[in-house]
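*Asks:* Residue numbers (the numbering used here), protein chains in the order written: chain B, 1 to 276; chain H, 1 to 276; chain R, 1 to 276; chain F, 1 to 276.
Keep in mind that a hint or two might mislead.
Unchecked claim - These stretches of chain F come out as covered by chain B in the derived footprint (C-beta under 8 Å, 3 or more residues):
{"hint": "1", "stretch": "91-101"}
{"hint": "2", "stretch": "120-127"}
{"hint": "3", "stretch": "139-150"}
Unchecked claim - Going by beta-carbon spacing under 10 Å, a handful of chain H positions derived as facing chain B:
{"hint": "4", "residue": "T39"}
{"hint": "5", "residue": "G41"}
{"hint": "6", "residue": "D42"}
{"hint": "7", "residue": "P65"}
{"hint": "8", "residue": "W67"}
{"hint": "9", "residue": "N68"}
{"hint": "10", "residue": "D69"}
{"hint": "11", "residue": "S91"}
{"hint": "12", "residue": "A95"}
{"hint": "13", "residue": "V96"}
{"hint": "14", "residue": "L135"}
{"hint": "15", "residue": "S203"}
{"hint": "16", "residue": "V217"}
{"hint": "17", "residue": "T219"}
Unchecked claim - Derived list of chain F stretches under chain H, where covered just means 3 residues or more per stretch with a C-beta under 8 Å from a C-beta of chain H:
{"hint": "18", "stretch": "56-62"}
{"hint": "19", "stretch": "66-79"}
Derived by calculation from the structure, the hints in this document are not laboratory data. Beta carbons: idealized from backbone N, C-alpha and C, even for Gly.
4 protein chains.
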Amino acid sequence: MCRWLAYSGSPILLEELLYRPRHSLIDQSLHARLGVDTTNGDGFGVGWYGASNADTPAVFRSIEPAWNDRNLREIASHVESPLFLAHIRASTGTAVQQTNCHPFRYGRWLWVHNGLVRDFARIKRDLALAVDGSLYASIEGSTDSELLFYLALTFGLEDDPPGAVERTVGLVEQTGRKHGIEHPIQMTIGTSDGESVWAFRYSSEGRSRSLYYSTDVRTLREMYPERPRLQEVSDETRIVVSEPIVDLAGAWNEVPESSYGLVGGGQDELHPFRPR
Amino acid sequence: MCRWLAYSGSPILLEELLYRPRHSLIDQSLHARLGVDTTNGDGFGVGWYGASNADTPAVFRSIEPAWNDRNLREIASHVESPLFLAHIRASTGTAVQQTNCHPFRYGRWLWVHNGLVRDFARIKRDLALAVDGSLYASIEGSTDSELLFYLALTFGLEDDPPGAVERTVGLVEQTGRKHGIEHPIQMTIGTSDGESVWAFRYSSEGRSRSLYYSTDVRTLREMYPERPRLQEVSDETRIVVSEPIVDLAGAWNEVPESSYGLVGGGQDELHPFRPR
Amino acid sequence: MCRWLAYSGSPILLEELLYRPRHSLIDQSLHARLGVDTTNGDGFGVGWYGASNADTPAVFRSIEPAWNDRNLREIASHVESPLFLAHIRASTGTAVQQTNCHPFRYGRWLWVHNGLVRDFARIKRDLALAVDGSLYASIEGSTDSELLFYLALTFGLEDDPPGAVERTVGLVEQTGRKHGIEHPIQMTIGTSDGESVWAFRYSSEGRSRSLYYSTDVRTLREMYPERPRLQEVSDETRIVVSEPIVDLAGAWNEVPESSYGLVGGGQDELHPFRPR
Amino acid sequence: MCRWLAYSGSPILLEELLYRPRHSLIDQSLHARLGVDTTNGDGFGVGWYGASNADTPAVFRSIEPAWNDRNLREIASHVESPLFLAHIRASTGTAVQQTNCHPFRYGRWLWVHNGLVRDFARIKRDLALAVDGSLYASIEGSTDSELLFYLALTFGLEDDPPGAVERTVGLVEQTGRKHGIEHPIQMTIGTSDGESVWAFRYSSEGRSRSLYYSTDVRTLREMYPERPRLQEVSDETRIVVSEPIVDLAGAWNEVPESSYGLVGGGQDELHPFRPR
Numbered sequence: 001m002c003r004w005l006a007y008s009g010s011p012i013l014l015e016e017l018l019y020r021p022r023h024s025l026i027d028q029s030l031h032a033r034l035g036v037d038t039t040n041g042d043g044f045g046v047g048w049y050g051a052s053n054a055d056t057p058a059v060f061r062s063i064e065p066a067w068n069d070r071n072l073r074e075i076a077s078h079v080e081s082p083l084f085l086a087h088i089r090a091s092t093g094t095a096v097q098q099t100n101c102h103p104f105r106y107g108r109w110l111w112v113h114n115g116l117v118r119d120f121a122r123i124k125r126d127l128a129l130a131v132d133g134s135l136y137a138s139i140e141g142s143t144d145s146e147l148l149f150y151l152a153l154t155f156g157l158e159d160d161p162p163g164a165v166e167r168t169v170g171l172v173e174q175t176g177r178k179h180g181i182e183h184p185i186q187m188t189i190g191t192s193d194g195e196s197v198w199a200f201r202y203s204s205e206g207r208s209r210s211l212y213y214s215t216d217v218r219t220l221r222e223m224y225p226e227r228p229r230l231q232e233v234s235d236e237t238r239i240v241v242s243e244p245i246v247d248l249a250g251a252w253n254e255v256p257e258s259s260y261g262l263v264g265g266g267q268d269e270l271h272p273f274r275p276r
Numbered sequence: 001m002c003r004w005l006a007y008s009g010s011p012i013l014l015e016e017l018l019y020r021p022r023h024s025l026i027d028q029s030l031h032a033r034l035g036v037d038t039t040n041g042d043g044f045g046v047g048w049y050g051a052s053n054a055d056t057p058a059v060f061r062s063i064e065p066a067w068n069d070r071n072l073r074e075i076a077s078h079v080e081s082p083l084f085l086a087h088i089r090a091s092t093g094t095a096v097q098q099t100n101c102h103p104f105r106y107g108r109w110l111w112v113h114n115g116l117v118r119d120f121a122r123i124k125r126d127l128a129l130a131v132d133g134s135l136y137a138s139i140e141g142s143t144d145s146e147l148l149f150y151l152a153l154t155f156g157l158e159d160d161p162p163g164a165v166e167r168t169v170g171l172v173e174q175t176g177r178k179h180g181i182e183h184p185i186q187m188t189i190g191t192s193d194g195e196s197v198w199a200f201r202y203s204s205e206g207r208s209r210s211l212y213y214s215t216d217v218r219t220l221r222e223m224y225p226e227r228p229r230l231q232e233v234s235d236e237t238r239i240v241v242s243e244p245i246v247d248l249a250g251a252w253n254e255v256p257e258s259s260y261g262l263v264g265g266g267q268d269e270l271h272p273f274r275p276r
Numbered sequence: 001m002c003r004w005l006a007y008s009g010s011p012i013l014l015e016e017l018l019y020r021p022r023h024s025l026i027d028q029s030l031h032a033r034l035g036v037d038t039t040n041g042d043g044f045g046v047g048w049y050g051a052s053n054a055d056t057p058a059v060f061r062s063i064e065p066a067w068n069d070r071n072l073r074e075i076a077s078h079v080e081s082p083l084f085l086a087h088i089r090a091s092t093g094t095a096v097q098q099t100n101c102h103p104f105r106y107g108r109w110l111w112v113h114n115g116l117v118r119d120f121a122r123i124k125r126d127l128a129l130a131v132d133g134s135l136y137a138s139i140e141g142s143t144d145s146e147l148l149f150y151l152a153l154t155f156g157l158e159d160d161p162p163g164a165v166e167r168t169v170g171l172v173e174q175t176g177r178k179h180g181i182e183h184p185i186q187m188t189i190g191t192s193d194g195e196s197v198w199a200f201r202y203s204s205e206g207r208s209r210s211l212y213y214s215t216d217v218r219t220l221r222e223m224y225p226e227r228p229r230l231q232e233v234s235d236e237t238r239i240v241v242s243e244p245i246v247d248l249a250g251a252w253n254e255v256p257e258s259s260y261g262l263v264g265g266g267q268d269e270l271h272p273f274r275p276r
Numbered sequence: 001m002c003r004w005l006a007y008s009g010s011p012i013l014l015e016e017l018l019y020r021p022r023h024s025l026i027d028q029s030l031h032a033r034l035g036v037d038t039t040n041g042d043g044f045g046v047g048w049y050g051a052s053n054a055d056t057p058a059v060f061r062s063i064e065p066a067w068n069d070r071n072l073r074e075i076a077s078h079v080e081s082p083l084f085l086a087h088i089r090a091s092t093g094t095a096v097q098q099t100n101c102h103p104f105r106y107g108r109w110l111w112v113h114n115g116l117v118r119d120f121a122r123i124k125r126d127l128a129l130a131v132d133g134s135l136y137a138s139i140e141g142s143t144d145s146e147l148l149f150y151l152a153l154t155f156g157l158e159d160d161p162p163g164a165v166e167r168t169v170g171l172v173e174q175t176g177r178k179h180g181i182e183h184p185i186q187m188t189i190g191t192s193d194g195e196s197v198w199a200f201r202y203s204s205e206g207r208s209r210s211l212y213y214s215t216d217v218r219t220l221r222e223m224y225p226e227r228p229r230l231q232e233v234s235d236e237t238r239i240v241v242s243e244p245i246v247d248l249a250g251a252w253n254e255v256p257e258s259s260y261g262l263v264g265g266g267q268d269e270l271h272p273f274r275p276r
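Next comes chain B alone, as it looks inside the complex (with noise of 0.2 Å):
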């Protein structure tokens, strides 16, 4: 089990979230609530990207439990952005490493995953072996999050990302019953291009992980006309998390099983996920 989130709308420090909410990221890699783990320690990242949308994200990862590490609170304090991601890792059993710590990054592409594929070992070489020739050696770590991402790349994430999340959805349950497995896969996913934040909440048995959206900003400055931090942030301010990080009635709404949802630039939508 992991936990990720990720934000879009008005620049903001990363500790905002990463650090100062009463159940925030961080608070969560040492006491989560939801799901079965309750310590996440197996390494953590962070993906952000800049004001300008012209550049590639930078990425901090490291295998250091998160709740004690002294670089990632130095950046989350010091670095400011509009959209990133962040994930810290409960290993299902691949190495704690930097190349298998999320966001794993492709141009200029971030991807976390919470959730497995069901007895890796047995299909991983088939997976492996869907991976375009022209990706194969840029993957890095031992992950199945990892190869779920490449899979996504081949199967055109850069021009349809719900569409190459279904494909990718798609093989792994065909490879996966092939091989006898009933419930071949488990997941929440975020991934971005910069722009928008694509969030994905699935499981071949029908019992998904956890995943959360904040609702629009323009209905919680209603609710909340006291919090000032409401008023501050841009209309279409929005946060994605595996469990909520404040307790805020009615901040936080459950993406339905099987579905996906869209956020950023304006828009914000909620749609089936159907794996082909």
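Go by the hints and put chains H, R and F onto chain B.
*Replies:* Frame of chain B, contents of chains H, R and F only:
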């Protein structure tokens, strides 16, 4: 809150205590059951003595969480020892670095600590000044635990371990009270010279961290004739632990408040502990 | 032997100095050309001030060799700063740990050091006792370099940097000689409050580690009209380095023995340095 | 460029070869003398077999530079072994992570490599596809060296080590040439099953990295009757090294181009190596 373990007896692979028991020390790094913190993920260490008493003990320490450290697993499954101390750390504020991991070593002596010197920043300098001039520069880390060790060495640990620890704690309490600190110290401490293990349990407030010692092996054999492992180990084998590593009725005895025990070399004593 | 660099001027990406020059600081971590040791692989650090003078500087430090640290590369290619200090370490014996990496920080002040206090173990305690009681507990590492910083803070670094460093060095020389140490100190030091950079070059024996400052930008522009980068940076831009990062005739000037320079905010001074 | 060492003979403390010789492997991590790179600071590893042949070898690997790794020093000064392989790494581009450190292990087999598969990114996928399906998911890192190991395992390393390595290199050369790579492979390789050590020296261009084996101990004893260490070790003791660890005339013999040697268990052979 930290957790530690000391073993003295027939030579065994470290993994027999560090990994195999249901609530092994490594399991406690992720899921401690007694105490406030359930995660002890801020580094670990193990120090072991060889078969020959002539040697300095080996010390392996790392800032990784113990639960996912592959090198610890390798060493634990290949190194046998008749006497070893292991420790998993939950920092009370000082940096996560190798020199702050226990056990600390000086010559043939090892030292582990669970607890804290309260308001340590306020009295650290006074305590450090009390360390013998010839020892001061050997202090490598920044913890209260290591400083307690160097105070004990200053006060004669090598000649009279209980007396030296009593004088150390006496100094901490005097110094703390001079600075208006109500309960200056909370501790369980394990220390060894490679022949015996001394285990201390004390706190200024009289509510000390948990500490247990294993029942005499001869008694355990009678209680559990069906357990082959108990038949194999020598009569004088003993384990001292912050919290029990297996659920076995009658196997664990609490070290009483304000007392210390001596284990090893056929000896087996329990005495009151009185700070001087 | 270590290597350090200080930059003050127009905001630039850290990588412009840390990576891009032919003999950049990162290149020097693997292949230093001046001095005894060619490898500076025992950790590194960079501290940078933001555009706003109000903030505490950020500090990123790691025990990895700088040449293969991916996080440093990420940060350097995404963070811009008008004033930063960077350091690569070759340990003279103390532990390789984050708290021993430079720059050290206290409030708004950063501090880097190349050199050593000779026979440090013998005089460490005497020097530590001279640190102000309110500062002592903030010392986190075990290096001579950090202790020099806290002595300078004790002696008024924040009000009179040159005077405080002169008093610090005076104390080290007195203390060292009292212990029969012939040449107690060898140093180049860089320190900043976010507005100015002070750079010191001194050694008891009068043969100090190398230190250079860049020629006035207006002069360089006349000398090298074809270099576009020189046209872009502001008039008062200055670099101070342990060894030149590019081969450019006339670009580098040695800081004289026993002297210090002040750079930043339009100021530009060179003075004799006299331990008190 | 990396450096490696294999030892087979009377049980010795690892430190006797890793630290004590004038040009020990650890010294070579900072100051290698042969070859292009003088620094091998991108991680290290040591794998050792126990006294009992029944056990899997232990492997200790770390991404720290070997010259300052305290845990390596502890282990080397407390662990004795009759057969061990050690390796210091200078990355040729792949990530610095534990799973990329040598030795690699599979069952009872260890594997170390110095050299590279040229244009590895271009042919990695083709080579990976040739790995047996049951082995593929055990690949944890991203290096050419580990992939060579898994190819050799696929081609029967456990039954016919020289034949398996010849087939592996044959495949790499065919695959490389198919992609227009002139000299696809450069290598010295050491591998062991705990009883024998096989050492290979080969490169497509016929100018392979250096590799030496020690002279027969009986001969060395006659040459150097005054060296007590030579009197103590068993007749069949042998060392294979990338570069000599002591300057001793007549002690080191170059492994010829395109050949391999077999050491251990009284055997002692040298044969031509012909990729198939």
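*Asks:* For every hint, state whether the structure bears it out.
*Replies:* Cross-check of the supplied hints:
By the rule of at least three residues with a Cβ nearer than 8 Å to a Cβ of chain B, the coverage given for the stretch 91-101 of chain F holds, with 5 such residues. Judged by the Cβ-Cβ criterion of 8 Å, the stretch 120-127 of chain F is covered by chain B as claimed, because 5 of its residues qualify and three suffice. Proximity of the stretch 139-150 of chain F to chain B, defined as three or more residues with a beta carbon under 8 Å from a beta carbon of that chain, is established by the 4 residues found. Hint status for H:T39 relative to chain B: holds, with the closest Cβ pair at about 5 Å, below 10 Å.
At a threshold of 10 Å, the smallest CB-CB gap from H:G41 to chain B is about 5 Å, leaving the interface hint in force. Hint on H:D42 holds. Least Cβ distance to chain B is approximately 6 Å, under the 10 Å limit. With 10 Å as the threshold, the beta carbon of H:P65 comes within range of chain B, its nearest partner Cβ sitting at about 5 Å, so the hint holds. Of the supplied interface hints, the one on H:W67 holds, with its beta-carbon coming within about 8 Å of a beta-carbon of chain B, less than 10 Å.
Proximity of H:N68 to chain B holds as hinted, the smallest CB-CB distance being about 5 Å (cut-off 10 Å). The restraint placing H:D69 at the interface with chain B holds, with a minimum CB-CB distance near 9 Å, inside the 10 Å limit. With its C-beta approaching chain B no nearer than about 7 Å, H:S91 sits inside the 10 Å limit, and its interface hint holds. The beta carbon of H:A95 comes within 8 Å of a beta carbon in chain B, closer than 10 Å, and the hint placing it at the interface holds.
Annotation: H:V96 was flagged as interfacial toward chain B, and the flag holds, the nearest CB pair being 5 Å apart, inside 10 Å. Interface hint at H:L135: violated, since its Cβ lies 29 Å from the closest Cβ of chain B, which is beyond the 10 Å cut-off. For H:S203, the interface hint is violated, since its Cβ never comes within 10 Å of a Cβ in chain B; the closest pair sits about 25 Å apart. Annotation: H:V217 was flagged as interfacial toward chain B, and the flag is violated, the nearest CB pair being 35 Å apart, outside 10 Å.
At a threshold of 10 Å, the smallest CB-CB gap from H:T219 to chain B is about 37 Å, leaving the interface hint violated. A count of 5 residues in the stretch 56-62 of chain F with a Cβ less than 8 Å from any Cβ of chain H is obtained; the coverage claim is therefore met, three being the minimum. Counting residues of the stretch 66-79 of chain F whose beta-carbon sits less than 8 Å from any beta-carbon of chain H gives 7, enough to reach three: the coverage restraint holds.
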